[in-house]
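Peer 1: Here the protein sequences line up with chains G and E, keeping their order.
Take the first sequence: its letters are residues 1 to 582, numbered as in full-length UniProt numbering.
Take the second sequence: its letters are residues 1 to 625, numbered as in full-length UniProt numbering.
Be aware that a few hints might be false.
Claimed, not checked - With the C-beta cut set under 8 Å, the calculated list includes, among others, these residues of chain E facing chain G:
id: 1; residue: Thr18
id: 2; residue: Lys61
id: 3; residue: Gly122
id: 4; residue: Lys265
id: 5; residue: Gly372
id: 6; residue: Ile392
id: 7; residue: Thr394
id: 8; residue: Met398
In case anyone wonders, no lab produced these hints; they're calculated from the structure.
Even for Gly, the Cβ is constructed at its ideal location relative to N, Cα and C.
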Amino acid sequence: MVERTTTPPALQGPTAKEKKYDRQLRLWAASGQQALEDAKVLLLNSGPGVVGVETLKNLILPGVGNYTIVDEVDVTEKDLGVNFFLEESSLGKSRAEESCKYLQELNPEVNGNAIQKSTESFVEKPSVLDNYTLIILIGPTKDSSILEKISQHAQKSSIPLFYVHCVGFFSHFSVQLPAQFPIVDTHPDPASTQDLRLLNPWPELLIFTREKTGNLPFQPDHEHGHVPYLLLLLHYLNVWKATRDGKAPAKYSDKKEFAAMVAEGARKNNAEGGEENFDEATANVLKSLNPPSISSGLREVFESDDCRNLRKDSANFWIIAHAINKFHAAHNGLLPLPGALPDMKAQSSDYIQLQNIYKAKARSDFAEVTATVRQSERDLDIKSPIEDKEIEAFCKGAQFVKLIRGRPIRVAKSTEPLGWSDRAEALSMELENQKMMGLESLLPIYFAFLALDRHHDEISRLEQSRREPSPVKEIPGARNVSGAVLPVPNFAEAAHFYTPAVDPEKEPKPWPRFDTAEARGTFDNVVKELDRADGAELHNISALTGGMVAQEVIKVITKQYVPVDNTCVFDGIASKTAVFNI
Amino acid sequence: MVGAGGIGCELLKNLVLTGFGEIHIVDLDTIDLSNLNRQFLFRQEHIKKSKALVAKESAAKFNPHIKLEAHHANIKDPQFNIEWFQGFNIVFNALDNLDARRHVNKMCLAADVPLIESGTTGFNGQVQVIVKVSSPISSSSDSNAYKVRGKRNVMIAIRKRRRKPSLVGEELPVHVRTTLRLETINADDPQVRCSGRAKTRRLSSITRKTQKMVSRHRGMPNAMAHIFTAKEIKSLRKESQALNSIRQSMGSDDFARKVFDKVFKDDVNRLRSMEDMWKIRKPPTALDFDGLSKAAEGISTSMAQQDQTVWTEAENFAVFCDSLKRLSTRLQKKQAQDTEAAAPSVLTFDKDDEDTLDFVTASANLRSIIFGIEMRSKFVIKQMAGNIIPAIATTNAMTAGLCVLQAFKVMREDLNRAKMVFLERSGARVINSDTLKPPNPNCSVCGIMQSRLIVDPTRATLNDLVQDVLKTQLGYGDEFSINNEVGTLYDPDLDDNLSKKFSDLGVKADSFLTVIDDDEENPRVNLSLSISEKSLPEDSKPVQVPDKLHIARKPKVVPASTTNGDTNGHAEPTGTKRKRSLEEDPLQEPKRGKMQMNFNTDGFLINDVVIADDSTDGAIVIDDD
């Protein structure tokens, strides 16, 4: 061994980068970190712009690859009071460049860019957005056409878009994901990943059961008290089936009877007055004896056209999903065995053997799925094979795979009422349900932000009509204002009369129900606060919202965990959030 | 603000930009590379500098009108006494360990200063308001939080308790836990009996325990020595001689063999010989040094760098020998510089010290082989042994923001609207809240009576407290004990200290005494006395309680609950399992695990349904990794 100096050499152990990111690698692993480092995030900033910068801070610290700030204005005194990433010396300079500079200091490995432009001129040619992998747009936009343009382009190019509002004590963000956004690594609760397949045991498991339970009544106490509960259940299932035409207990009453039968088998003439393994067995009857079923999330994946009909350009996700669907069909509704075994009372050697039986089965299921994948690759003439790792991850988490179908962000226009189409009923229910339970729904917070967007659109339209005395043609359905100079409406007053109304032709169910005093009350209160704040941000609320938005951005970039689907509001007075699918 | 780490950095920024007038920052830690992914007030060039000082400097630039003061010190230092705490309107806890949290909680309750407590792990976070109030409602304590909701709280409890969370969290089979229990029983055997209370801390690390045992043994008041039997002392001495002879051989060629044989062979064989222990468990198997030496021939020492793979038995052996050599070289060098007077230098485990981590990884895996436990990679063991909690900027940002919002409510004395707030990673419920809870009568911090005790240091003896105050004035019977951090000062069988002065017993100003009533029928809640020293007139009693006290009685013991954590907030990962499975007949509740509604005080249902945690097998699960 080499003689060492007093300080240990730096060569050993993880790299400096791994050390720096150690605490987050334990959440999203190297694959998530790579995705983060490959990301190019665009911030379209406006207003006080604090929430946008705070969001970026939370992305730069963990090492997002690249960020760009688009912001039109120069730094004023006002900014210094709320924006942590500006200094006295920034006064009068480009806010995009100055905040970019100070944010950059947080992490030298991140590449920052600043563009001093307004959002509307930046997106004049929306194809500019294709240079980025994720967009954060701070609302309200100057008029509704800008939001609409960005949203439409993001949909077309499958770029995730976050639309954020933060005013006074309230904030909101909506996530527009690509039309199909599949997540394999949803990080389910470890306890729920246990599929023990007791109703469909395979030969090796049955042989081991016979070996360990064949002589059950005559076993010495110690062994009897250490038969793993899985094997006990399998043993008693055989006993049960023998007298019932080979059928396992299915109904609740049957299961209850079955549990009683298992409990009967425990020896009670001991100090504890029972046996722990038998307790475990009875406790798990309901959980473990369910016929195979698949989650609604996975069903949606299986039924999707992309899963049924593979193409040459199909994503890996669909090719594997296709193979797992085939497995599912070929094995009577079973999914590949995850292979994990819960903790249980057992002798160590038995437990390890049982563990090996489960692992071996999981490996053989995985091999079968892989074979199907390889066949598809040959059929479709795909040159670069999917990595085993990816197939294995899918096999293990198949039950928990999630497909989110991105929905376009709602655009509130001053010229036409908002349509709620297929969500009308669900949102109406949300308000009614909360009211029935005597609760205050937070949905009106979202309405208030829509009213704010609409108000900005209205002002912009009026200003434009003052400049061009002809009717505004580019906005379809606009009212003819005949060039008259109209007073700028007051937001609180305007909002009071503004209801995101429904078109009774399209949406026969009247919604939203602003006739409930509760919803109207919340709406008016939020509007009052938005009006009072007059677009200003409170640093603390912006920092908190920046934390929430960045959290969801990371989930979207890493394709791990399940992101908010698709709208979240925050009430800073009650410290409450709510998530709605809009 | 106590703690300038992940939450602390965010909190300081928010406080500065919200316009708080004067902020004191206390942190004894220095900046490490692994902090930089979230603690944004620190940069590469700040590594190894004081967190408190750098945080102050970085934040000061943003608001010159705010008075900022930094203390690079331990919050438990005597300078931060009750009077010091009373100088603040509000205290924020942004700490990473239970010990300091408990301490600040106690000090704030004693000083009657509102405390905003917070913590995070991974995507989860928690904020809680703790206020002392005279009315029965609205006061809350950190121990309470553990009990409110199953898994979440247990996670935070773990973090606070500095237990080895992942060891129990990673779905290891029962066998691991069994072994843990066994190891500690074995290592602790003599001193567990020394103090009944030590038993409850059994699961803490053996090393720390051993150190504690030694220090307690050394510094123990004479009166306590009788608790050891002669036999136990003899066996302790023998053990200590054996260890000493191994220590002497450090640096020699057979040092590794000696350590190895002691830990992996002799101790194991001795354990194995206690047949009672192995009636229901698989006995351990000792390892063979020569056999492993042979198997390990040709294994490169660079093996230790592969931290993602699980090493083989021989590889672990190779790393064990190599790291032991590295450590002994370092220790010898260090000790060579020791001065005569000082205690000999030691090396302590640090997860970022590769030599110690290699040693712990290899030793832990070798022990795993002995007990038939699955081995782990260095990466995973680092997380276990280093008590690494995943941490990210986003959760800290949200948690700190919520802290400030709660502070607004406290400062407006709007406690009815103050909340306990939880963050969760699940998309359906980003933030949840719950109302503040009244004190928990069984909690060791809030479920107690608090008072000052004025002591004249020149005259006061323990007997003055026992006779005048406790028995005569407060009506205690004979069965009670007086304790401080060091141990028991008085109980009915330990009266040697009665004639001693407070100062001779090491009871100083600003320290605490706890009076535990052991009355069999109807015991009082624990009484916590904070000591104030003052010259009292000669004709008055030398020990006085300034306030009139009505000490409540403890509630009757309730049977073990189904939530994790016992009534003192000490989450015990094992032991209640069997009881639970008997109590809960899942067949009685076919809908169990479906939905559970949560109401806040206004009777409002909190926005979201919570999936009841039905995996209450007592295992502690970290949600996010």
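Peer 1: Are the hints correct? Go through all of them and say.
Peer 2: Tested hints:
no., hint, in the structure
1, Thr18, "holds (5 Å)"
2, Lys61, "holds (7 Å)"
3, Gly122, "holds (5 Å)"
4, Lys265, "violated (20 Å)"
5, Gly372, "holds (5 Å)"
6, Ile392, "holds (5 Å)"
7, Thr394, "holds (4 Å)"
8, Met398, "holds (4 Å)"
In summary, the one numbered hint that this structure violates is 4.
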